[in-house]
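S.K.: Sequence:
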Amino acid sequence: MTRAGSPLKIGLMSFAHVHAAGYANLLKSWSGIELLAADPDAATAPPGELRGARLAEQLGVGLVDDYDDLFAWGPDAVVVCAETSRHRPLVEQAAARGIHVLCEKPLATGLPDARAMIEACARAGVQLMTAYPVRFHPAFADLRRRVHSGALGRVLIANGTNNGRAPISSRRWFVDEELAGGGALMDHTVHLTDLLDDLLDSPAVEVYAQVNRIIHADSVEVETGGLVVVTYQDGTVASIDCSWSAPRTYPAWGGLTLTVEGESASGSFDAFADRFDVFDDAAGGLSWLDYGPDLDALMLGEFLRCVRTGEKCEPDGEVGYRTLQIVRAAYDSVRTGTPVRLGRSVSTGAAPTG
Numbered sequence: 009m010t011r012a013g014s015p016l017k018i019g020l021m022s023f024a025h026v027h028a029a030g031y032a033n034l035l036k037s038w039s040g041i042e043l044l045a046a047d048p049d050a051a052t053a054p055p056g057e058l059r060g061a062r063l064a065e066q067l068g069v070g071l072v073d074d075y076d077d078l079f080a081w082g083p084d085a086v087v088v089c090a091e092t093s094r095h096r097p098l099v100e101q102a103a104a105r106g107i108h109v110l111c112e113k114p115l116a117t118g119l120p121d122a123r124a125m126i127e128a129c130a131r132a133g134v135q136l137m138t139a140y141p142v143r144f145h146p147a148f149a150d151l152r153r154r155v156h157s158g159a160l161g162r163v164l165i166a167n168g169t170n171n172g173r174a175p176i177s178s179r180r181w182f183v184d185e186e187l188a189g190g191g192a193l194m195d196h197t198v199h200l201t202d203l204l205d206d207l208l209d210s211p212a213v214e215v216y217a218q219v220n221r222i223i224h225a226d227s228v229e230v231e232t233g234g235l236v237v238v239t240y241q242d243g244t245v246a247s248i249d250c251s252w253s254a255p256r257t258y259p260a261w262g263g264l265t266l267t268v269e270g271e272s273a274s275g276s277f278d279a280f281a282d283r284f285d286v287f288d289d290a291a292g293g294l295s296w297l298d299y300g301p302d303l304d305a306l307m308l309g310e311f312l313r314c315v316r317t318g319e320k321c322e323p324d325g326e327v328g329y330r331t332l333q334i335v336r337a338a339y340d341s342v343r344t345g346t347p348v349r350l351g352r353s354v355s356t357g358a359a360p361t362g
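For our numbering, count along the sequence shown from 1 and bump the result up by 8.
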């Protein structure tokens, strides 16, 4: 809990993630927030990617040379937007200094790193929130209420999609297996497993997955198409299309939907339903004019509220761990060609590309 009435000092750790600039724009515009960023790994980004001092200047955000300088500033909380494989040391450093953490998803590339992050924050008594903004959508909140009230009856089947195009041009690290932990399966499964984790009062027990690299085969070495089937302890079966299946003229992130079939009724959710589709060939293809809720703003607002009040953040690190556990099991299934039971058999390392 922070002192009432005092500004919150928020540190932005890295500009690597595609959401970092959006977070910066939101945080710098809110009253009662002081923002400072560090992006010491900017020099390692591929040529042409906007990072470091150039991006900080464009955003109008203060930038320090390294993370030690950022910690010396004394932030109350940090938002970790580094490459996924670099999350753990940043979270551990923040926790050791008593700083609350909002960490981009997936929480880590492997389960041991995710568990170490959770334990570091627990020992330090600081918050660890996983950045899953979609669960804050009002339409999903309505679906959650219907499911939890029993209006749909027992949930039998769920079908989810999280499509879009491969993030090749703006942030190439997303298609680097070492930095990202995999490709489309790693990137696009976790949002839906988070929503299902929030909807279902039952743990996942079995995962089966297949992937391919038909799309963008000339550009990347990780999987670009995938289908994951998750079975839950209560018998619910969920399928997740986690493909980077949209053409290069399509918006980078989109197609996130979830349909739930219950014994007595069904419900659905479309995260991008509130939009106009605009095609401008001169501008490079299709764009979306989104008039729906700003999910990043809703998520950040909840994180800051919890930092101020001391209330527990959700989705927390344990949610991040459970969703990553499903992804790691999916990669095991890809490797073995068989369904994988969740538990000790789930691998902890890097992903096969399929």
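Warning: the hint list may mix true and false statements.
[To be verified] In silico DSS-like links for lysine-lysine, alpha-carbon gap of 27 angstroms or less:
no.: 1; residue 1: LYS17; residue 2: LYS36
no.: 2; residue 1: LYS17; residue 2: LYS320
no.: 3; residue 1: LYS320; residue 2: LYS36
[As the list claims (entries may be wrong)] Estimated spans, in silico, between C-beta atoms of each pair:
no.: 4; residue 1: GLY309; residue 2: SER276; range: 32 to 42 angstroms
no.: 5; residue 1: ALA80; residue 2: ALA124; range: 21 to 31 angstroms
no.: 6; residue 1: ILE41; residue 2: ILE165; range: 38 to 48 angstroms
no.: 7; residue 1: GLY300; residue 2: SER247; range: 36 to 46 angstroms
no.: 8; residue 1: GLU319; residue 2: ASP226; range: 21 to 31 angstroms
Treat the hints as calculated values from the structure; they're not laboratory data. Keep in mind that this is a model prediction, so the values were computed, not measured. Ideal Cβ positions, reconstructed from N, Cα and C, are used throughout, including at glycine.
S.K.: All the hints need checking, so say for each whether the structure fits it.
M.R.: Do the hints match the structure? See the list:
no.	hint	in the structure
1	LYS17 / LYS36	holds, 11 angstroms
2	LYS17 / LYS320	holds, 19 angstroms
3	LYS320 / LYS36	holds, 24 angstroms
4	GLY309 / SER276: 32 to 42 angstroms	violated, 26 angstroms
5	ALA80 / ALA124: 21 to 31 angstroms	holds, 24 angstroms
6	ILE41 / ILE165: 38 to 48 angstroms	holds, 43 angstroms
7	GLY300 / SER247: 36 to 46 angstroms	violated, 25 angstroms
8	GLU319 / ASP226: 21 to 31 angstroms	violated, 49 angstroms
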